[in-house]
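**Q** Here is how the chains run, residue by residue.
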Amino acid sequence: MALNIESGKTRACPAGLIFDIKHYAVHDGPGIRTTVFFKGCPLHCHWCHNPESISPDRELMLMPNRCARCGDCVRACQYQALAQKEDGEVVADRSRCTLCGDCERACQREAISLVGREMSLEDIVAEVEKDRIFYDQSGGGVTLTGGEPLFQPELAEALIDRLHQAGIKVALDTSGYAPAEVFLRLARKSDLILYDLKVMAESQHKKYTGVSNRLILRNLKALDKLGRPIWIRFPFIPGVNDGQENLKAIADFLLELKSVKMINVLPYHKGGVEKFHRLDRDDEFEIFEPPSQALIDSVLNYFKERGLVAKQGG
Amino acid sequence: MNERIKKLRENSLEAKPAVSSERARIVTDAYRRPEIERASIPVQRALVFKDLMEKKAIFIEDGELIVGERGPAHKATPTYPEVCCHSLSDLEILNSRPKTSYAVDEETLQLYQDEIIPFWRGRSLRDRLLAAMTPEWKDAYEAGIFTEFMEQRTPGHTVLGDKIYTKGLLDIKKDIEESLARLDFYNDPEALDRKEELEAMSIAADGLMIYASRYAELARSLAAEEKSPQRKKELEKIAEVCDWVPAHAPRDFWEALQYYWFVHVGVTTEYNTWDSFNPGRLDQHLYPFYKKGLDEGSLTRDGAKELLEAFWVKFNNQPAPPKVGVTAEESGTYTDFALINVGGLKPDGSDGANELSYLILDVIEEMRILQPSSMVQMSAKNPDSLLLRALKIVRTGFGQPSIFNSEAIVQELMRQGKTVEDARQGGSSGCVEAGAFGHEAYILTGYFNLPKVLEITLNNGVDPRTGKKIGLETGGPRNFGSFEELISAFGKQLKHFIDIKIRGNNVIEKLYATYLPAPFLSLFIDDCVGKGKDYHDGGARYNTRYIQGVGLGTITDMLASLKYNVFDQKIVTLDELLRALGQNFKGYERLRDRLLNKTPKFGNDDDYADELARRVFDLYFGLIDGRPTVCGGKYRINLLPTTVHVYFGKVTGATPDGRLAGEPVSEGISPVQGMDRKGPTAVIKSEGKLDHIKTGGTLLNQKFTPQLLADDEGLEKLKDLIRSYFKLMGHHIQFNVVTAETLREAQKHPEKYRDLIVRVAGYSDYFVDCAKELQDEIIRRTEHQAL
Numbered sequence: 001m002a003l004n005i006e007s008g009k010t011r012a013c014p015a016g017l018i019f020d021i022k023h024y025a026v027h028d029g030p031g032i033r034t035t036v037f038f039k040g041c042p043l044h045c046h047w048c049h050n051p052e053s054i055s056p057d058r059e060l061m062l063m064p065n066r067c068a069r070c071g072d073c074v075r076a077c078q079y080q081a082l083a084q085k086e087d088g089e090v091v092a093d094r095s096r097c098t099l100c101g102d103c104e105r106a107c108q109r110e111a112i113s114l115v116g117r118e119m120s121l122e123d124i125v126a127e128v129e130k131d132r133i134f135y136d137q138s139g140g141g142v143t144l145t146g147g148e149p150l151f152q153p154e155l156a157e158a159l160i161d162r163l164h165q166a167g168i169k170v171a172l173d174t175s176g177y178a179p180a181e182v183f184l185r186l187a188r189k190s191d192l193i194l195y196d197l198k199v200m201a202e203s204q205h206k207k208y209t210g211v212s213n214r215l216i217l218r219n220l221k222a223l224d225k226l227g228r229p230i231w232i233r234f235p236f237i238p239g240v241n242d243g244q245e246n247l248k249a250i251a252d253f254l255l256e257l258k259s260v261k262m263i264n265v266l267p268y269h270k271g272g273v274e275k276f277h278r279l280d281r282d283d284e285f286e287i288f289e290p291p292s293q294a295l296i297d298s299v300l301n302y303f304k305e306r307g308l309v310a311k312q313g314g
Numbered sequence: 001m002n003e004r005i006k007k008l009r010e011n012s013l014e015a016k017p018a019v020s021s022e023r024a025r026i027v028t029d030a031y032r033r034p035e036i037e038r039a040s041i042p043v044q045r046a047l048v049f050k051d052l053m054e055k056k057a058i059f060i061e062d063g064e065l066i067v068g069e070r071g072p073a074h075k076a077t078p079t080y081p082e083v084c085c086h087s088l089s090d091l092e093i094l095n096s097r098p099k100t101s102y103a104v105d106e107e108t109l110q111l112y113q114d115e116i117i118p119f120w121r122g123r124s125l126r127d128r129l130l131a132a133m134t135p136e137w138k139d140a141y142e143a144g145i146f147t148e149f150m151e152q153r154t155p156g157h158t159v160l161g162d163k164i165y166t167k168g169l170l171d172i173k174k175d176i177e178e179s180l181a182r183l184d185f186y187n188d189p190e191a192l193d194r195k196e197e198l199e200a201m202s203i204a205a206d207g208l209m210i211y212a213s214r215y216a217e218l219a220r221s222l223a224a225e226e227k228s229p230q231r232k233k234e235l236e237k238i239a240e241v242c243d244w245v246p247a248h249a250p251r252d253f254w255e256a257l258q259y260y261w262f263v264h265v266g267v268t269t270e271y272n273t274w275d276s277f278n279p280g281r282l283d284q285h286l287y288p289f290y291k292k293g294l295d296e297g298s299l300t301r302d303g304a305k306e307l308l309e310a311f312w313v314k315f316n317n318q319p320a321p322p323k324v325g326v327t328a329e330e331s332g333t334y335t336d337f338a339l340i341n342v343g344g345l346k347p348d349g350s351d352g353a354n355e356l357s358y359l360i361l362d363v364i365e366e367m368r369i370l371q372p373s374s375m376v377q378m379s380a381k382n383p384d385s386l387l388l389r390a391l392k393i394v395r396t397g398f399g400q401p402s403i404f405n406s407e408a409i410v411q412e413l414m415r416q417g418k419t420v421e422d423a424r425q426g427g428s429s430g431c432v433e434a435g436a437f438g439h440e441a442y443i444l445t446g447y448f449n450l451p452k453v454l455e456i457t458l459n460n461g462v463d464p465r466t467g468k469k470i471g472l473e474t475g476g477p478r479n480f481g482s483f484e485e486l487i488s489a490f491g492k493q494l495k496h497f498i499d500i501k502i503r504g505n506n507v508i509e510k511l512y513a514t515y516l517p518a519p520f521l522s523l524f525i526d527d528c529v530g531k532g533k534d535y536h537d538g539g540a541r542y543n544t545r546y547i548q549g550v551g552l553g554t555i556t557d558m559l560a561s562l563k564y565n566v567f568d569q570k571i572v573t574l575d576e577l578l579r580a581l582g583q584n585f586k587g588y589e590r591l592r593d594r595l596l597n598k599t600p601k602f603g604n605d606d607d608y609a610d611e612l613a614r615r616v617f618d619l620y621f622g623l624i625d626g627r628p629t630v631c632g633g634k635y636r637i638n639l640l641p642t643t644v645h646v647y648f649g650k651v652t653g654a655t656p657d658g659r660l661a662g663e664p665v666s667e668g669i670s671p672v673q674g675m676d677r678k679g680p681t682a683v684i685k686s687e688g689k690l691d692h693i694k695t696g697g698t699l700l701n702q703k704f705t706p707q708l709l710a711d712d713e714g715l716e717k718l719k720d721l722i723r724s725y726f727k728l729m730g731h732h733i734q735f736n737v738v739t740a741e742t743l744r745e746a747q748k749h750p751e752k753y754r755d756l757i758v759r760v761a762g763y764s765d766y767f768v769d770c771a772k773e774l775q776d777e778i779i780r781r782t783e784h785q786a787l
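So the protein lines, in turn, are chains A and B. According to the numbering used here, the first sequence is numbered sequentially starting from 1. According to the numbering used here, the second sequence is numbered sequentially starting from 1.
Incorrect hints may have been included.
[As the list claims (entries may be wrong)] Okay, derived cross-link-like pairs now, PhoX-like style, lysine-lysine, Cα gap no bigger than 20 Å in a straight line: (1) B/K468 <-> B/K492; (2) A/K22 <-> A/K304; (3) A/K22 <-> B/K163; (4) B/K163 <-> B/K291; (5) A/K248 <-> A/K169; (6) B/K694 <-> B/K727; (7) A/K130 <-> B/K748.
FYI, nobody ran anything at the bench for these hints, they're computed from the structure.
If we strip away everything but chain B, and leave its shape as in the complex, we get (with noise of 0.2 Å):
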């Protein structure tokens, strides 16, 4: 790393995030403009957008390379009202929480109660979410049967494919034109909506464009003053880059980064995306530009490695957007899941791996940063020194990148019909999803609770934390007569609470299909522009919801402990048991230890257990899988928690897998902490029992000794098992190479530990960031040691 990429990394490490009311402002000006008034949804939307992009702050620190930011200065957090508008509780909250705190000036509060909370309460997005729903989604809600993506921020979910390498926005208008010139107004009934979004479409791409010229124009006036020759040079450097793109397809390294990254601060500060949009299969898209840039003499591989650390800075300046409540506590980071891909296949089925992969991992492993966030997808083509590569980095336990299955991905989007080539196009972004990259808007809708649904199932339909009834009256328990009779009720249950999410998904998608759209996004997603339809309407060439299924382990563990010791062995009577349950096991410990040593569990190659969490995923896949979705999509599962498995286990009381009542359930598809005994093949071939094809990602999670990864022939071991893992088809696989021990210390001096990254979810974050549940979680994860 060189000086100049020092000094941006610690300007980067070094900011605070705080709230910007910079684009609250701008945004509720405009709406009170009379023109914004009248105008339609879409065109209103590309206004506002506009008038962002023509009045935010802009700035380009001394040293930087690739320019532009969400907020007027670094980690400086815009907030968006119209999507959720935040109350002075708050946004004191967010000044005054421990974790994941955002700054809140005094300004920022007196403009929320003077001018922002007046115009928009009862206006924004959440405010009509909240009031749309039923009393049955309400109480679900409240008792953590399930999450809301979607009430405090858009979509999003998406990832860029190779558009913008070879189409400037001067090109897309001329699509749009085309678009605009083939609309049927005499026969198409939606040809006036197609007419405004596409007009929309263009006034975004306009402010965009505009966005740009004001950094050509900054760049050279700095430049003017400029004492320094070099700095002088690339000041005027980036002013030519910016008056090139993104009015036009990029002819280089530089302008192809500069590209995307303007995109995706236009993406940004449109609205307030799950799932920060990134660039998807990096090495692929930039790897003809840097070869040609090597071949003409005008780029070098150090050059090359500057402008790509340059670049990486910027998703470090951008933590993600103030979250508050349940969204706060089911993805309680600041990491926003950019997930950059490297390796993987071509579109027409060869290994994608190139010069740039390795080059893009020197970069993760000299930036160590936590955004953004890096993967590498292993096909069976990829040639074993990639993984390789990508283990040196895991060992040094910071978490990334995380290990992905080409094959599995393909596979999986072309079970939900994608063309062969999309499917090769795509990868997996946020934590684990699969996505065919700049064709499909594939959006998480919310985590759901699978050992809470079963909770209630033991509790004819109450909710033992409340007392309230919120479930169908499935039977009592004393009228189990056998492990058939519990398990079909489970269904019924099951069915009922995902009912309920569903027709709440189906209400939000048209709110924000008619509220909110997104012309600015849609403008890179195949095939709004073509379709004239908004990305959040069923625009994209793909369009798929997710119900993203949580506690698969502890599910499968409760399962097999009912079965074994109430039904096959008749240890505990399901009486018994539910009052041991009620206790919280005060006055059973024996039976407690009895659950937590004697009885089968998932993750030990065991198929007494493992059968059970194949039925389980049986049953959570037959009950969402391809039911349509408003907009044309159809709704499939996927199995990641981010952080939602620490709250989801709060809520939940005692389990019969000898859990405690309050502790976090499982994570991802992960065992249930500490229970997996018999090393990581065997955790390996109980995750290779479930069918990771029929979903749209599953999260892995494995904790290694340092020791076990210390020389190349135990990094050797750790290829062959994940090379072996993906035989099986499995999704995906992360590591934590971090001893307990030191996790522990880090808890008891998290001023020593500062900068100990380790891995959450899908994605990495600094140990001493993490709640305190979440680490004690982290640290009972089993560590697999050198046997």
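Chain A on its own, in the form it takes in the complex (with noise of 0.2 Å):
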């Protein structure tokens, strides 16, 4: 489903919302790329580092680091959905918030704001062409990320599309939720599809993801089959998917896959613990121990004596 965020309004080019866009990312794929930030994610993990790109809507979000405990933004709130406390720090009543984006025009040190900003496509196109030097250079490109990209199916096909007409390469990082024919029409089209492999048990995968991964699991050997290269990211919780029975499912999985290049390994780190504070959203995450070097290494080596190409980080 793409989303439509100013209900009735008709667009002459899809749009949708992008909470970021990242140049220089040198750990999406090959070479130097640019990485969209797609938000909305029909997942919801425990450990998700960044849990502002979960819902498909906008939301208010706010940087105690940056505050200056001025009151701007509760003055320009007409709603009283923001309060100070005694200290000076800014809480938001979520409930009264309408979105509308004065305290984030108010702010002057950038410590509250929207997180998801209302993109078209040419905007998109225009803020990734810039960097196209670098991908030229380097054999890189642009990565589609989020949230799940493939939860707005619309707008990530005709970025897709629009880059490719400018010869740029795309790869697409995705959790492979999402209906079949939607995730191989965007996969045939992308040079490269980063895949997302987190816990093989289902039981265990709906626990700490909230969905099933059996849809995951035949997109996955579907997505085999159209001879598309594929990096597998296997985000590395300790204490989650750490056991030897899932690193084993993993490597038996994937050995019988043609098209894997490789598996990241991409270690557990506390990146978006912060940010479940700033969301008011806590509750809703947990905080994990980041893995030892020698545990990072031991899961390297296991994959390496299966026989995949294993590396650590992307």
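Two chains, two frames, a set of hints: combine them into the complex.
**A** Right, dumping it as structure tokens:
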């Protein structure tokens, strides 16, 4: 389903909700890349390091470390959705917030913002085309990630088409959790697919991500037949998916496939933890212990021993 | 690194800089001798030089292979009273200041008091220079609009080409004879001057040959007493080398290095030239000797490396001559900017990288010392492997080598009128300055404070720091009805101060040509011998004078803020903004937040701001480029700061971009510290919008976290980032690979970080030796992290 941000408004070209565009992304595919972050994800992983990517709507984010505690945002809000505690810290009553953006405009320190910006295809293309010279030099390109780019398939597809017309290579970074038809149509158009594999046991997958992995595994098998290069992304969360059984199941599964070029082991880090708080959503996520390098190495070695190309990071 | 080099390196690192009075004494005594007093000025200078070479102390340290030094001991630094006669209080400051100090002993103070000061006061070039400047010049200088390079040090700023590798001094003396024979005393009104100059050059050549023969004798006498057979053989070899060079062209690798080093000692003894002389394209020059040695079996790769490392140490033994006052502020470092070039193109346009290029990079990595500084020239024709090898050194985090674009250098030099071959044999020296090595005098004349000129424009010609009117009345802020009117007023103000600077420069150029010719240096830079003209008098084939623009990032952000907040969005009136600046934003904190956070900034690939950088660039270029200099050269621009961005910041009040009064302005062409928020590709895109080819060098600093470069893939991507910048015709880029956290720790516990080397401007320095403001500034430069 495509998100309709401002219902009733018709558009000449697709548009959607993007929560970030990062340049000089060097861990999301080959070469120097620009990463387009689509907002909205059907999964809800407990360790998510981009928790602001999950909701398909814009949302208020507070950054207390940037806040001058001046109260400008509180005064700017017409809906009494913001207040200051005694020490000046700004707190939000999200039920009152209409996402009008007055607070963001009033703040001079970018300490309060609405995550997610409605961008047209043209906006996005203009922004990512700026770095074309780097893609050409390095064999890089654009990576569509999120959230889940397949959650806004019209925009994602139009973007892939446009970038290809411009001669820019595209990688699709996906959880694979999308209707097979949509998924395969977009995957066929992508130059590289970065595909997440988290937990193989269905019950565990459900527990930690909120959804079953049957569709994901089925899509991966179908994807493999397309012959597009695949890099498997394995977010490595100690205590969740580092069990021997899980590692073995992943290796067994991948060794059956022909198009998997590599498995990227992405060690858990606490980069997202601060954001849980900024979104007032601490209770929805868990904090894990980042794995030691020795542990990471043992996982890498296991995959290598099984005959996979394994690499730390992307 | 073998034991010998380890020891030489340690001795160099441990030696403490001190002022040596030896040179001042010999020079002053020489000037009192009747035969010198009576001679023409060039001959006088040559005789003084010869006296120095005959009389200065010589020594050979145990284990040394390359011999000769400027002072009587490592880091014993001479003074040049005929250029700048230090006062007793100058000497006391040098002795006691916390950073870049030089020990001064009682004997030196006494000698200065009794002999040096009475003789040179009023006669030194500095005294003549300051007396000759106009009141407008003095006002602008004191306000910190510009600095003056030549008030304490002589022009210098040139690099040796390939001449010495095919010609000994006896050959050059023959060339002098031929030039003398060609003089036309009937038709050339300058023939007499040329004769004096040529004779002076010949005497100076004798001076260096005498110096070398003294070393040959010393080596022989040490060999005679030496117990160790190995060292005895080495000393005998040293004697043999010094018997041959510099009188004759070198026959092998060792002689080539020793010849260069004797010339280096000669140049740095003749004067305290800016941007210490250097051998330039070392891999090109030495390669034939290296190849021949390997082919004949007289040299091994390890042997060549040891000699190179012995050569490297010598540079480190010679800190910059002591600087005081504004000169110390603009260049607060012991580094003296000898910049070894590796890679680049051959004169025929083919790939110039060779085996020695990689060997030299090994040496740079192993030695890890401040001097000499090093750089890699990257042409599209050079292999990626050369750049990757260099980046592996960059990754270790001592700021060397810096990376330059050969294509940009060649185009810059050709735009200035050099032949394509001369351009390809050129490179960069000092920090980032492009030059035709061996053929050009490309002299930096002073830094120019662009943000300060805009500050004065906003105050209708008055410097708000002093309340003194030093500029033009171009209209009060209320008169600026549009941004264009403001820019136009700025352009007038800029012209006013550039004119003042150039008028001063022209007087100074004449003073040096008249009173302080450099016959020794002139021996080596073509076409001084051919023309019978001194290096200081337009003798070089190409003569260029630079005025180095500073604070491009800051002035761009100032203008972007004025355009955006005052004229386009009308968020604040100019009056109110000026009041806020006057209060250093006290009571205007919210406004300052807006200026910092919600205003377009240079370095983010945002045309709104970047276009203004281009406009400032074009104005500055248009007012300087192509203007004639007194001795037949041309004025050009470049954009680099050394440490002057800290000083220029100190004299500049709060600025419309949200910068507080006294904070450093931006350095080189880098974005304002911390304001480049969209990562390195955006910085490079912004910088690529400038027309580097119209400059003689631009300096871009980038800071990366070590993590981003930890693996080979990270290095590959950095390589591609640099290659992309060079496709956009960027001139130069350099990196600090160190975390802000480490730097903060080092600031708190300097004793634990004595060896932490960071990139400052076009050179590296020990972090703990940098002034506090400079340390803060380096920490604030945005650190690009893994995304």
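**Q** Against the structure, test the hints numbered earlier, and report the numbers of the ones violated in rising order.
**A** 2, 3, 5, 7
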